[in-house]
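S.K.: As you go down the protein sequences, you meet chains W and E in turn.
Letter by letter, the first sequence follows residues 4 to 171 of my numbering.
Letter by letter, the second sequence follows residues 1245 to 1546 of my numbering.
Some hints could be false.
Derived pair list, reagent style BS3-like, types lysine-lysine, alpha-carbon separation capped at 27 Å [to be verified]: (1) W:Lys91 <-> W:Lys165; (2) E:Lys1408 <-> E:Lys1453; (3) E:Lys1408 <-> W:Lys61; (4) W:Lys165 <-> E:Lys1312.
Treat the hints as calculated values from the structure; they're not laboratory data.
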Amino acid sequence: MSETNDGQRFDRLPATIDERDVEGRATREEVLDWWNERFEIGAELFENHSFWEKGAGKIWIFHGDVPSPTEIEGLGMTFLRTRQEHWKPTTNAVQRFGCEAERNVIELDPEAAMNFVRGEDQKLDWDGDWGYLIASHEIAGEREPLGVGLYLHGELRSVVPKGRRRED
Amino acid sequence: MEVLSRYEPIVDDFEGFLAACERSLPAVVRVNTIKASVERTKRALDEAGIDYAERDWNAKVLELDTDKPGNTWPYFHGWIHGQEEISSLPATVLSPLPGERVLDSCSAPGGKTAQIAALMDDSGLLVANDSNLGRLSALRFNAERLGLTNVAVTRQDARNFSLKPVSLTAFDRTLVDAPCSCEGTIRKNPDALDEWSLSHVEGVAGVQKGILRRAIQATREGGTVVYSTCTFAPEENEAVVDHVLENEDCSVVEFDTPLDSRPGITEWNEEEYDDSLAKTRRYYPHHNDTGGFFCAKLEATG
């Protein structure tokens, strides 16, 4: 544990705890386990992706691989916020990969879906886990993820970032 | 509009050209096949009661019957992205393949980058470069909204682009969608010509030459470089390609173009350009009801 996280560059996540040399850094195994436990999204979906940390706790996903470390502005998409008690997936990651989720997906009716993407919190019944959920709705014949909701005390809080909200 | 009179000698039906330049553009989007198929997107538009018109030359381009494509479910989900019809041309001419290494040297705000990523099935390595931090932030926002995961974003002056940060020796293909005087965007930005001056055009042309030369050098032998602008000025189009033909190992190649176009010119204001410039293409607003555009396809030969 001699090294510390350098917020200016992309470092590939270590495969497992045994290979970790930066304190507090999530491992590839932990990231895959988290998506599997939280949403039942299997590791196969991410077989060809590499995971990177740039910025404290900010995990990025890239299709393929490049040498580590890499000093550039962006690599793939931001995927998951770690180094905090409850890990939080990004809206864009959930939209891209959340279609495969089998667990902790809260399906919203048209009115609740509109409220959600306007950034509004709403009282809703839900008998699954508390914490970060994938909010989804039905569009063009299939379920489609909208983004990330935080469910606590009978309320679904929308954490859709301001710039990604729908006005209409 | 007086600025445009300098193009009267090279544009057919000049009155029709000027009239088209005064009309606003239709609301056109490109379907982002990384997140949804064209069929599913159309079904979602049907459900929302939004009419659309297709384009024969590209099934992923749709004209929407709404002033606010941004306030729709397909937009929220990142299934569609506002992109002027003619702007979706250069990525199709570049024609990247899945798994390739591709450079988009002036990439922000990222509409063409996202189209290239989709043509690559979001695989391989797409390096999206731009020199301006603010514009790069718009690019990153768009790339994430559209779900791209094969993009490495760099901030460099494209004239001196270094491959070192991305650990490559050469790209398979490079798009240079160059910063330009933007005369062809007059239908979208009615004030596009307000600041026009010949010295600005000449200044921008100097930058364009530097960017295109570096793009040729950064592309492997036999690789493809596409050069495009949204302007009519030959100084920024044929003259730039002519300069690069003289100074770098490359040649102009013909390409199939589904839109109505005119060949690049080989002389302008007593300057003569290489005959092969006739293989480049000019796109005028009155021919396809789009903005104005120039596109050249080059092969790196060194």
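S.K.: Each hint: holds or not?
M.R.: Outcome of the hint check:
1. W:Lys91 <-> W:Lys165: holds, 17 Å
2. E:Lys1408 <-> E:Lys1453: OK: Lys1408 of chain E and Lys1453 of chain E at ~22 Å, within 27 Å.
3. E:Lys1408 <-> W:Lys61: Judged against 27 Å, a Cα distance of about 24 Å means the pair holds.
4. W:Lys165 <-> E:Lys1312: Holds: Lys165 of chain W and Lys1312 of chain E sit about 18 Å apart, inside 27 Å.
When each numbered hint is compared with the structure, no violation occurs for any of them.
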